[in-house]
Each structure stands twice: as structure tokens, then as C-alpha cells.
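Novice: For reference, the chains in residue letters:
There are 2 protein chains.
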Amino acid sequence: MIYLDNAATSWPKPEMVYCKLLETIRSGGGSYGRGNHRMASRAGDLIFEARRLCGQIFGFSNPNDVCFTSNGTEAINLALKGILEPGNRVITTRMEHNSVTRPLQKLGKYGVEIIKIDTSPEEGMSLDQLERELKSGAKLVVCNHISNVTGTVNPIAEIGELSNKYGALFLVDAAQSAGNKKINVEEMKIDLLAFPGHKGLLGPMGTGGLYIRQGLVLNTLKEGGTGMDSHSLEQPVWGPQRYESGSLNTPAIAAMAEGIRYILDETIESIEKKESRLVVQLMDGLEKLDGVRIFGPAKERSRGSIVSIQLKGYDPSEGAVILDEAFGIAVRSGLQCARDAHENLGTLNGGGTIRISPNYFNSEQDIQHCIDAIESMCGKG
Amino acid sequence: MIYLDNAATSWPKPEMVYCKLLETIRSGGGSYGRGNHRMASRAGDLIFEARRLCGQIFGFSNPNDVCFTSNGTEAINLALKGILEPGNRVITTRMEHNSVTRPLQKLGKYGVEIIKIDTSPEEGMSLDQLERELKSGAKLVVCNHISNVTGTVNPIAEIGELSNKYGALFLVDAAQSAGNKKINVEEMKIDLLAFPGHKGLLGPMGTGGLYIRQGLVLNTLKEGGTGMDSHSLEQPVWGPQRYESGSLNTPAIAAMAEGIRYILDETIESIEKKESRLVVQLMDGLEKLDGVRIFGPAKERSRGSIVSIQLKGYDPSEGAVILDEAFGIAVRSGLQCARDAHENLGTLNGGGTIRISPNYFNSEQDIQHCIDAIESMCGKG
Numbered sequence: 006m007i008y009l010d011n012a013a014t015s016w017p018k019p020e021m022v023y024c025k026l027l028e029t030i031r032s033g034g035g036s037y038g039r040g041n042h043r044m045a046s047r048a049g050d051l052i053f054e055a056r057r058l059c060g061q062i063f064g065f066s067n068p069n070d071v072c073f074t075s076n077g078t079e080a081i082n083l084a085l086k087g088i089l090e091p092g093n094r095v096i097t098t099r100m101e102h103n104s105v106t107r108p109l110q111k112l113g114k115y116g117v118e119i120i121k122i123d124t125s126p127e128e129g130m131s132l133d134q135l136e137r138e139l140k141s142g143a144k145l146v147v148c149n150h151i152s153n154v155t156g157t158v159n160p161i162a163e164i165g166e167l168s169n170k171y172g173a174l175f176l177v178d179a180a181q182s183a184g185n186k187k188i189n190v191e192e193m194k195i196d197l198l199a200f201p202g203h204k205g206l207l208g209p210m211g212t213g214g215l216y217i218r219q220g221l222v223l224n225t226l227k228e229g230g231t232g233m234d235s236h237s238l239e240q241p242v243w244g245p246q247r248y249e250s251g252s253l254n255t256p257a258i259a260a261m262a263e264g265i266r267y268i269l270d271e272t273i274e275s276i277e278k279k280e281s282r283l284v285v286q287l288m289d290g291l292e293k294l295d296g297v298r299i300f301g302p303a304k305e306r307s308r309g310s311i312v313s314i315q316l317k318g319y320d321p322s323e324g325a326v327i328l329d330e331a332f333g334i335a336v337r338s339g340l341q342c343a344r345d346a347h348e349n350l351g352t353l354n355g356g357g358t359i360r361i362s363p364n365y366f367n368s369e370q371d372i373q374h375c376i377d378a379i380e381s382m383c384g385k386g
Numbered sequence: 006m007i008y009l010d011n012a013a014t015s016w017p018k019p020e021m022v023y024c025k026l027l028e029t030i031r032s033g034g035g036s037y038g039r040g041n042h043r044m045a046s047r048a049g050d051l052i053f054e055a056r057r058l059c060g061q062i063f064g065f066s067n068p069n070d071v072c073f074t075s076n077g078t079e080a081i082n083l084a085l086k087g088i089l090e091p092g093n094r095v096i097t098t099r100m101e102h103n104s105v106t107r108p109l110q111k112l113g114k115y116g117v118e119i120i121k122i123d124t125s126p127e128e129g130m131s132l133d134q135l136e137r138e139l140k141s142g143a144k145l146v147v148c149n150h151i152s153n154v155t156g157t158v159n160p161i162a163e164i165g166e167l168s169n170k171y172g173a174l175f176l177v178d179a180a181q182s183a184g185n186k187k188i189n190v191e192e193m194k195i196d197l198l199a200f201p202g203h204k205g206l207l208g209p210m211g212t213g214g215l216y217i218r219q220g221l222v223l224n225t226l227k228e229g230g231t232g233m234d235s236h237s238l239e240q241p242v243w244g245p246q247r248y249e250s251g252s253l254n255t256p257a258i259a260a261m262a263e264g265i266r267y268i269l270d271e272t273i274e275s276i277e278k279k280e281s282r283l284v285v286q287l288m289d290g291l292e293k294l295d296g297v298r299i300f301g302p303a304k305e306r307s308r309g310s311i312v313s314i315q316l317k318g319y320d321p322s323e324g325a326v327i328l329d330e331a332f333g334i335a336v337r338s339g340l341q342c343a344r345d346a347h348e349n350l351g352t353l354n355g356g357g358t359i360r361i362s363p364n365y366f367n368s369e370q371d372i373q374h375c376i377d378a379i380e381s382m383c384g385k386g
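Each protein sequence line maps, in turn, to chains A and B.
The opening position of the first sequence corresponds to residue 6 in this note's numbering, with each subsequent residue numbered one higher.
The opening position of the second sequence corresponds to residue 6 in this note's numbering, with each subsequent residue numbered one higher.
Keep in mind that the hints were calculated from the coordinates and are not lab data.
Warning: the hint list may mix true and false statements.
Heads up, the list lumps identical chains together, so a pair's fine if it works in one copy or across two of them.
[To be verified] DSBU-like, lysine-lysine: derived pairs with alpha carbons at most 35 Å apart:
#, residue 1, residue 2
1, Lys114, Lys144
2, Lys170, Lys186
3, Lys278, Lys194
4, Lys293, Lys304
5, Lys111, Lys194
6, Lys121, Lys111
7, Lys194, Lys114
8, Lys278, Lys317
9, Lys111, Lys144
10, Lys279, Lys304
11, Lys187, Lys304
12, Lys121, Lys194
All chains should be modelled from the sequences, with the hints used to inform the complete structure.
Specialist: Here is the structure:
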């Protein structure tokens with residue numbers, strides 16, 4: 006099997022991720038913040054180390070500025086619902102994942118005003134339009150760093166600068182960039198960074214997190230036992246525990262930390278470089294084929310490790326099934342849970358696209374095999 | 006290390022739980038509901054099998070009546086916020102965990118009326134008072150099955166009967182009973198059952214779920230990608246996917262299913278019987294010691310596998326540290342994230358209790374070692 010569906014979840018994981026997951030769950034009970042025995046203390050050490058590594062990879066210095074969630078979607082929900090109140094204005098793009106558009110749609114019903122600004126699959130969010138809208142006032146700007154459909158890279162440093170200039174908070178959905186594109190929340194003036202742990206960070210499923218800039222206190226999405234301030238009927242006000250009610254997924258978070266350690270050792274730069282090379286190879290190969298339509302930025306531009314295509318004569322889902330069954334290649338088809346992005350792309354009613362998403366563990370041979378398979382399907386094989 | 010903190014999280018797990026976790030994460034990518042390649046299909050099969058086993062252990066026939074959450078607390082939050090609206094009346098006890106009291110406290114601020122009825126550490130919720138309050142009308146009754154502080158067993162079949170009679174929905178927090186006490190949602194007239202996966206069900210952390218009786222549609226706690234109805238800006242209305250936005254924690258859920266399979270093989274009855282025997286042995290031993298105060302039901306009554314004590318001359322947290330450091334015994338001290346229960350017990354301002362919670366994997370020797378340790382601490386050693 007050639008796995009080219011890393012934008013859904015990455016596979017394989019570095020060996021240490023598997024080892025740490027198993028070692029942590031085998032070696033003892035103990036729940037983070039619950040209990041004063043050595044197993045619970047060890048859970049505390051593991052969680053703190055994971056927070057520290059998140060700070061290292063995302064550029065913040067206080068490990069307690071990140072809370073852990075069960076996935077990126079939960080982190081986005083927490084950020085949006087933790088910040089936005091009826092009457093607030095929020096600015097977003099026309100290229101968001103349903104993890105952003107659907108919570109916003111719901112908040113819209115409660116009186117939050119949602120502005121969706123023009124977004125080009127080539128360049129991302131229009132900065133001119135963003136500035137015009139910011140001048141009318143906004144509580145929050147939210148967008149993805151990289152589109153999960155086209156790989157389009159939003160100019161997040163510029164968006165952060167503008168948001169900051171006009172007093173709006175800036176939330177970034179890093180689902181497709183955490184671990185494979187450089188992110189520095191302080192330099193990029195990001196107030197809230199939502200990320201999954203099981204994609205680019207190479208951790209297990211069931212992990213994710215939200216960086217919250219110091220000083221911001223969000224409304225909570227869930228309340229319950231936090232292992233601290235148990236005396237009170239209210240959630241603690243400070244500390245990541247405010248947002249982490251219930252038992253944390255310690256073994257998976259400890260394993261995600263090993264994923265981050267692996268990335269820091271390899272360096273983000275070398276990961277990005279290799280993925281870019283594979284993407285260019287893929288696009289080079291596909292561009293030569295009749296019947297292949299490639300969406301998103303031109304080959305010369307920066308893009309995430311995502312290439313969405315349509316094949317003449319194939320419904321995207323049918324195309325993906327053939328790639329799997331006849332060629333042993335795993336890709337994702339359809340709308341990729343991103344309604345607005347496909348509407349913007351004009352592919353909403355055409356069955357979406359076939360999305361090919363290699364990562365650092367793929368080889369040039371994998372990509373060539375994929376190109377050859379698609380060539381066969383286009384009748385040139 | 007003798008692990009007697011199973012009410013926080015169970016340890017060890019059955020061997021198959023470790024194996025399934027590792028096998029699932031190692032053997033392929035693929036995210037439930039995302040993609041049409043064989044790895045994604047396999048994730049779908051694993052999730053469906055886990056839903057089916059939940060139905061088997063909790064007595065419901067449609068596997069799609071359960072949605073998975075990251076822990077029990079999330080399931081409770083989803084149930085409470087998914088059902089209750091301003092102006093609704095909710096009845097609960099004075100022995101709840103913060104996972105119930107804190108979300109209720111928040112809902113109270115939004116106009117939900119909260120009635121906390123008398124609850125005896127011996128017998129649980131007062132059925133007389135419950136009926137009186139139900140006569141005044143209520144949208145929901147919520148209580149734990151077993152107290153996480155005292156092991157008190159609530160008469161949930163009777164509570165279900167009464168709630169049903171007066172048209173109130175019934176939500177059970179099964180944090181301390183799922184997997185070690187018989188639960189049948191249909192027979193017990195339970196409309197919503199919230200459970201963790203990493204305690205009595207013997208699964209990994211990061212798992213839990215909410216059974217939702219057919220026909221009930223809850224407001225969602227999170228929205229986002231669901232792998233279905235992606236075309237719409239709204240969440241799907243039917244199916245567990247409505248409540249499962251974002252990538253599901255497939256490997257851990259598949260491993261939890263192995264925990265359930267283990268329990269079904271051993272039978273709940275034999276697990277309950279062994280745990281009861283260990284609890285009686287523990288109470289027998291502790292009752293003989295001067296300076297030990299035991300809370301909760303008398304030895305003759307049914308109780309969960311939880312014994313809370315105070316030791317004369319020791320602050321509970323200090324006592325727990327000594328048990329760990331000098332005797333290698335892991336227990337939990339303090340308030341166990343259950344403010345109301347300790348207030349009801351009169352232990353809120355005394356530093357709470359030392360909670361000893363054995364499970365099926367403990368031996369009589371473990372219990373004897375614990376009794377001996379406490380005897381030493383009481384100056385009789």
C-alpha cells in the first residue's frame with residue numbers, strides 16, 4: 006500500500022511514537038493531576054514535557070500556554086466559542102474546513118456576524134479586503150494556514166500583522182501545517198493556534214491542542230474535574246487545566262511529544278523541503294497527462310503537501326476507489342469535509358476532487374507509482 | 006507497586022487492549038469516515054464493532070445509538086448542554102462529581118434551574134424527594150450510578166422508573182460502574198448514559214461515549230467535519246456522527262472494544278463478585294483498626310469498588326504520599342474532583358479522604374498489604 010492520505014491522518018509514525026504510546030500505557034496507571042502517587046506524578050511530567058515541546062515547535066516560551074484537546078476540531082470549537090459572543094464580528098475566508106465553517110454557522114444563529122472574504126486558490130485570503138473589513142471592526146480573524154483541499158498557503162504573518170494593527174484577535178487552523186511548515190506564534194502575531202496531533206506532528210489520533218496567548222481567558226467548552234481547584238463549583242481561571250476537563254489522554258499526548266521531538270531533530274526545514282520536492286515531482290508528472298485537472302497554486306508557488314485533481318471520465322470517488330483497488334494507492338476523494346473551499350473552487354457539485362497528500366515518509370518511487378497509475382487511468386498506460 | 010487507584014483510571018489493561026492499540030496504529034493510516042481506501046474502511050469496521058460491543062454491554066440493540074467522546078466528562082457535557090435550555094428544570098443529587106456539578110453550575114447562569122436533592126452516603130438519592138420534585142416538572146434527572154467518593158450505589162432502576170413516569174429524561178454518569186456493574190439502559194429506562202472508556206471498561210485513556218436513546222436529537226457541543234453530509238453547512242441530524250466532529254480516536258476506541266470483549270468473556274457478574282470480595286476484605290481489615298474512619302455504605306450493602314477513609318493524625322494527602330513512598334501503594338487523596346460529595350459527607354474542609362479503589366486485577370495479597378500498611382501508619386505495626 007502506498008499511503009498518500011496524510012492530510013487525513015499521517016502514517017506511518019516514527020518508531021518512538023509507537024514505543025512511547027505502548028510504554029506509557031503499559032507501565033502504569035495514573036491520571037494527570039489526579040493523585041499523589043508516583044504514577045500520577047509521572048503522568049504530570051509527561052504532559053508538561055509535551056507542553057514544552059509544543060512551545061518549542063510553535064515558538065512560545067511558557068509551556069502552560071497550550072491546552073490539549075482530542076483533535077484539531079475541538080481546539081477550533083474551543084477557540085471560536087471561547088471568544089465570540091452575540092454581536093461580535095468575525096472575519097474568515099471562503100476556503101475553510103467544516104471545522105471552522107460549521108461552528109461559525111452555529112454561532113451565526115446566536116447573533117455573531119460572519120464575514121467571508123474573497124480567497125484565491127492561488128494566493129489565499131485577500132489582504133486588501135481583509136484590511137477593509139478590519140477597518141469596520143472585528144473581534145476575531147480566523148483562517149487556515151494551509152487549505153486542506155488545494156494546499157494554498159495563507160499569508161498568515163501578514164494577516165497576523167493586520168489583525169493586530171486593528172485590534173482583532175487572530176486564530177489559525179494549523180491542521181495542514183503543524184509539523185511541516187514553520188510556525189512562530191509570537192513572530193506571526195497569532196493569538197490562538199489550533200492544531201491536531203495526528204497529522205503533521207506525527208502523533209497518535211486522539212490528540213490536538215490550542216495555543217492561547219498569555220492573558221487571554223476563554224469561555225470554556227466543557228467543565229468538570231480538572232485535578233485542581235476541586236473545592237470550587239467553577240472552573241479554574243488560569244492555566245491550561247481550565248480547558249482540559251476530564252482525564253487527559255496521557256499516553257497519546259506523550260507519544261505525540263515524541264513525534265514533535267522527531268520533527269525538531271529532523272528540522273521543519275528538511276521536512277518541508279522533501280515534501281515540496283515530492284509535490285513538484287507529482288505536479289510535473291500530472292501536468293503532462295491529458296485529462297488531469299490540477300487545482301490550487303501553480304507549481305512555482307509555495308503550497309502545502311496537498312494536490313487536488315480531477316480526472317476526465319472519472320467521478321472523484323470512483324477514481325479514488327480504482328487507485329486503491331487496482332494500484333494499491335490510498336488517497337481521499339470527495340469534499341474532504343470542506344464545503345466552502347469546494348464551492349469557491351467550483352467543485353462542490355462535481356463530486357469534489359481526488360486529493361493526494363504525501364508526507365516526509367513517502368519516496369520518489371511512491372510518487373512515480375502514483376503518476377503511472379493515473380496515466381494508466383487516463384488511457385495512456 | 007500495588008495499584009489501588011482504579012477509580013481514576015484502571016491499570017493494568019487486558020493484554021489484548023495493548024495489542025489492539027499498537028496493531029491498529031501500526032498497521033495503517035485511515036481515518037473513520039474519511040476516504041474510500043481500504044485503511045479508512047477498516048477504521049470504519051473497527052468503530053462499528055466498538056459501537057456494537059457498547060450495545061452488548063449496556064443493553065441497546067442499535068450500534069448507532071452511541072457516539073464516542075474523549076472521556077466521560079465530555080459525554081456528560083454533551084448530554085447536559087445538548088438537552089437543557091434556559092427555563093428548564095434539572096434534578097440532581099448532592100453526591101455528584103464536578104463533571105456534573107460544574108457544567109450544571111454554568112447552565113445555571115444561563116437560566117437552567119438546578120434542584121439538588123438529599124442524598125445519603127448510605128443509600129444514595131432520596132426517592133421520596135425525587136418524586137416530589139418530579140411532580141413539579143423537570144426536563145432531566147441526572148446522577149451517578151456509583152459515587153466516586155464513597156462507592157454509594159444509586160437506585161438507578163427506580164430513578165429511571167420515576168423519571169419516566171413523570172416525563173423527565175434520565176442521564177446516568179456511569180464513570181464508576183461501566184464495566185463492573187450491570188447496566189441495561191432499556192430495562193433501567195436510561196435515556197442517556199455517559200461513560201469513560203479507560204476505567205471499568207479497561208480501555209486506553211482518550212476514550213468514552215454517550216448512549217443516546219433513539220429518537221432524541223441533542224444540540225451539539227462541537228461542530229466540524231463528520232465525514233458525512235459534507236455538502237452542508239450544518240451538522241448531520243441523525244447518526245452518532247452528529248456528535249463526533251473531527252477525527253475519531255480509532256486505535257484507542259478499537260482497543261477499548263477489546264476491553265469490553267474481555268469483560269463480556271469474564272462476565273460482569275464475576276468481575277463484580279471479585280471486586281465485592283476485595284472490598285469486604287478491605288473493610289473487614291480496616292474496621293479493626295483504631296484511627297480509621299470509613300465513609301459510605303455499611304459492609305453489608307452493595308457498593309462500588311471504592312472505599313474512602315480518613316486516618317487519625319494524617320492529612321489525607323500526606324497519608325496517600327506515605328502509602329506511595331513507604332509502602333508502594335497507589336491511592337488517591339483529596340476531593341477526587343467531587344466538591345458536592347465531600348460537602349455532603351462533611352469532608353470538604355478536612356482535606357477530603359484517602360480513596361482506595363481496587364479492581365478485578367487486584368489480589369487478596371494486595372488488599373492485605375494495604376491493610377497492613379495502614380495498620381503500621383496507625384501505630385499498630
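Novice: Look at each hint and say if it fits the structure.
Specialist: Hints versus structure:
| no. | hint | in the structure |
| --- | --- | --- |
| 1 | Lys114 x Lys144 | both (17 Å within a copy, 24 Å between copies) |
| 2 | Lys170 x Lys186 | within (25 Å within a copy, 58 Å between copies) |
| 3 | Lys278 x Lys194 | within (25 Å within a copy, 58 Å between copies) |
| 4 | Lys293 x Lys304 | within (13 Å within a copy, 79 Å between copies) |
| 5 | Lys111 x Lys194 | both (27 Å within a copy, 32 Å between copies) |
| 6 | Lys121 x Lys111 | both (15 Å within a copy, 32 Å between copies) |
| 7 | Lys194 x Lys114 | both (29 Å within a copy, 34 Å between copies) |
| 8 | Lys278 x Lys317 | within (31 Å within a copy, 65 Å between copies) |
| 9 | Lys111 x Lys144 | both (17 Å within a copy, 24 Å between copies) |
| 10 | Lys279 x Lys304 | within (15 Å within a copy, 66 Å between copies) |
| 11 | Lys187 x Lys304 | within (20 Å within a copy, 61 Å between copies) |
| 12 | Lys121 x Lys194 | within (21 Å within a copy, 46 Å between copies) |
In the structure shown, no violation is registered for any of the earlier numbered hints.
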